[in-house]
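Peer 1: Fit chain B to the known structure of chain A by using the hints.
Going line by line, the protein sequences match chains A and B.
The first sequence begins at 1 in the working numbering and counts up one residue at a time.
The second sequence begins at 236 in the working numbering and counts up one residue at a time.
Treat the hints as calculated values from the structure; they're not laboratory data.
Note that CB positions come from ideal geometry on N, CA and C, so glycine has one too.
Be a bit skeptical, because a hint or two may be false.
Unchecked claim - The calculated lysine to aspartate or glutamate pairs, modelled on DMTMM-like cross-linking and capped at a C-alpha distance of 20 Å, are:
1. A:Lys211 <-> B:Glu641
2. B:Lys433 <-> A:Glu217
3. A:Lys211 <-> B:Glu320
Said to hold, decoys possible - Restraint-style ranges between C-beta atoms, simulated for each label pair:
4. B:Phe318 <-> A:Arg173: 27 to 33 Å
5. B:Leu640 <-> A:Pro68: 53 to 59 Å
6. B:Gln426 <-> A:Gly120: 29 to 35 Å
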Amino acid sequence: MTEKVKVRIDGEVIAATAGQTILEVARTNNKYIPALCYMEGLSTVGACRLCMVEVSGVSRLLPACTTPIQEGLAVATTSPQLESYRKMALELLFAERNHVCAVCVSSGHCELQTLAQEHGVTSVRYPYSYPRLSVDTTHPRFVLDHNRCILCSRCVRTCAEVEGAHVWDVAGRGVGSRLVSELQRPWGESTSCTSCGKCVQACPTGAMAEKGWAVEEMTKRRAAVSRLTSMREGE
Amino acid sequence: MTTKKATAEGLRLASAAAEDVGSAGNTGATQPAEAQRPAMQTVTINHVSRIEGHAKITIKLDDAGRVTDTQFHVTQVRGFEKFVEGRPYYEMPSITSRICGICPISHLLASSKACDEIMAVRIPRAAAQLRELVHCAQFVQSHALSFFHLSAPDLLLGMDADPARRNVAGLLEEHPEALRDGIALRKFGQQVIERLAKERIHPSWVVPGGVNTALDPQVRAKTLEELPSAMAIVQRTLALWKRALDGFPEEIASFSNFPTMYCGLVGPDGSLRLYDGNLRFVAADGSMVADQVRPEDYATHIGEASMTDSYLKAPYYKPIGFPEGIYRVGPLARLNVADRCGTPLADAELEAYRARFGRIVQSGFHYHYARLIEALYALERMEQLLAEPSILETKVRAHAGVNNLEGTGIIEAPRGSLIHHYKVNENGAITWANLIVATGHNNLAITRGVRQVAEQFISGKKIEEAALNRVSALVRAYDPCLSCSTHQFGVAAVAITLMGPDGEVFDEVTT
Chain A
1 MTEKVKVRID GEVIAATAGQ TILEVARTNN KYIPALCYME GLSTVGACRL
51 CMVEVSGVSR LLPACTTPIQ EGLAVATTSP QLESYRKMAL ELLFAERNHV
101 CAVCVSSGHC ELQTLAQEHG VTSVRYPYSY PRLSVDTTHP RFVLDHNRCI
151 LCSRCVRTCA EVEGAHVWDV AGRGVGSRLV SELQRPWGES TSCTSCGKCV
201 QACPTGAMAE KGWAVEEMTK RRAAVSRLTS MREGE
Chain B
236 MTTKKATAEG LRLASAAAED VGSAGNTGAT QPAEAQRPAM QTVTINHVSR
286 IEGHAKITIK LDDAGRVTDT QFHVTQVRGF EKFVEGRPYY EMPSITSRIC
336 GICPISHLLA SSKACDEIMA VRIPRAAAQL RELVHCAQFV QSHALSFFHL
386 SAPDLLLGMD ADPARRNVAG LLEEHPEALR DGIALRKFGQ QVIERLAKER
436 IHPSWVVPGG VNTALDPQVR AKTLEELPSA MAIVQRTLAL WKRALDGFPE
486 EIASFSNFPT MYCGLVGPDG SLRLYDGNLR FVAADGSMVA DQVRPEDYAT
536 HIGEASMTDS YLKAPYYKPI GFPEGIYRVG PLARLNVADR CGTPLADAEL
586 EAYRARFGRI VQSGFHYHYA RLIEALYALE RMEQLLAEPS ILETKVRAHA
636 GVNNLEGTGI IEAPRGSLIH HYKVNENGAI TWANLIVATG HNNLAITRGV
686 RQVAEQFISG KKIEEAALNR VSALVRAYDP CLSCSTHQFG VAAVAITLMG
736 PDGEVFDEVT T
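With the rest of the complex left out, here is chain A (with noise of 0.2 Å):
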């Protein structure tokens, strides 16, 4: 497992360890490749495709985040291709779903938000679907609006594998996609929500939510769930 292995990322050599995934190895050396649905000490799904590398030698992009490493690979993190790719998956999240960061409690603080800002999202190319979607406040504590949704799934990793509660899960299909607790359950009525609040601190964007915090004022600790699992693993 320690076998160390030798990458090129952006042309510098960078010595690693076997088993880690591209990105890991990039955060680790301070190189900066964008992602949401990856979260530190969560599995990997590769769901948001703003990871997406050139691997020198493979004729697709690769998700940098779902990617184990090997000997001798050469990845650009960047390139005029890939950031036209990631602009459109930014852009196409805008158009899925209801984003009004002028109203949004999370606004300032929401990484969907900041990817859109730091790769010049100044408007939507696609039509917006304009969903009719729900907004669930039943829970006393937390409420869930599947307006500012990405379907990240960290929320559902979160509960599954740090809290072990797994009371989150996607159902449906394609754009139909919905964040469901507990088999259809109202949130507030989940018998297995423990009411952590983990899933909310996960959260990329205001789709989860503290209650009463008035526009711009929920931040969200991520660090302290990713740190969670780094303190166990060095038990």
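Peer 2: Showing chain B alone in chain A's frame:
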């Protein structure tokens, strides 16, 4: 039906001053309308310029060219009350403040007060003082905008001035000192808002339960330091305006100069209130109709009639009925309902105003005068609030969940009483919302006022420039915010249509 539209002085919602300058070359409201016009049968003022939002006016004439009917239409719908259903109540201040970029603070405050009711909290003392402080700053900037940027071109350059020059650019040439004063005064108000709330437009500082940061002593010091010069501007302008008033006998006589009831918030002692207080209705003769109506009881006194030809509803005084229950709100109304302002300089000005025009002032033209007195009051009130040691207290927010399923918040927005009324379910999701904004209350009065001005200044089948501008100026005197009034979104300002007895359009003008 022959219609012809001309665009002139097209002033848009957002940056009034810049737009006004920008449209200087695009004026001349009636020239195209007058050119080669056959004997046509309707006049539309489409649209009234230098107001916030968009409206259209139709004036109907009989065969002899006499005014038989007028209509004030607000032409778009926005639907805030409907689409907020399902949202958590604590998001309402930020959502509803997006109704308007001119006075988002008004909606923030009314909405937050409604949310305070839902939470059943009494907000900390400093929070209430800070909310009133930011509200006063907003009054100063909004009244400065209305008086200097929007109305001063009519008032200082003259109603009959060349429309190409009757704008901020014209003011710059002829009354640069007044324009400078106006800009400085508005800037003062806006900067106080920015210092307190971090942003001038759509800040998130006012929240359900209070405000989210305490007052920085440096902001207090800076604001106190700048207050005297703002005060001097308002006093200078009041002196100027009191002298200038003699030049507008016809406008004073015909601008909504009719008896109506008046409505506004007053304190327990009957003095002027902007942030807090209960509603008072007084009759045209000054007699008390209803006093100390608590915010939660507004619906027993105010009814809302839907109009067939406008998206703007017409509120009326319920016990009297529609449309006889006409009442007005805003600066004129507030000074009519209040016994006194409660600050020394504003009270002295109020006394002079009442000595000149009576205890109850009916002419809509005096909205301008009343606005200046209120600006003085707001500045004095800011000074009083900043002098309170408790304003620096750091406990500025109350936290609570849903403790009431209904909440009503009323404040006096610069343009008049603003009512936010929400119902929520046990989980705090909005199930029903009703907003009544200042311009709505004035709907019936503006419509009737348009008729009065039209009868005075329009004869024949064409709208002369002078008449067009007076009809527009009447609307402007109310400083209507039409985007707020229908919670709407749109592009045009105000259109006036002159229509014959059989519906034939004589003339149509876009301003």
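Peer 1: Work down the list of hints and note, for each, if the structure agrees.
Peer 2: Status of the hints after comparison with the structure:
Of the pairs offered as hints, the one joining Lys211 (chain A) and Glu641 (chain B) holds, with about 18 Å between alpha carbons and a cut-off of 20 Å not exceeded. The straight-line distance between the Cα atoms of Lys433 (chain B) and Glu217 (chain A) is roughly 14 Å, inside the 20 Å bound, and the hint therefore holds. A distance of roughly 17 Å separates the Cα atoms of Lys211 (chain A) and Glu320 (chain B); the hinted pair therefore holds under the 20 Å criterion. Here the CB-CB span from Phe318 (chain B) to Arg173 (chain A) is close to 28 Å, well matched to the stated 27 to 33 Å.
Checked against the given bound of 53 to 59 Å, the beta carbons of Leu640 (chain B) and Pro68 (chain A), roughly 55 Å apart, stay inside it. Our hint of 29 to 35 Å for Gln426 (chain B) and Gly120 (chain A) holds, since their Cβ atoms are close to 31 Å apart.
The structure is consistent with each of the numbered hints, conforming to all of them.
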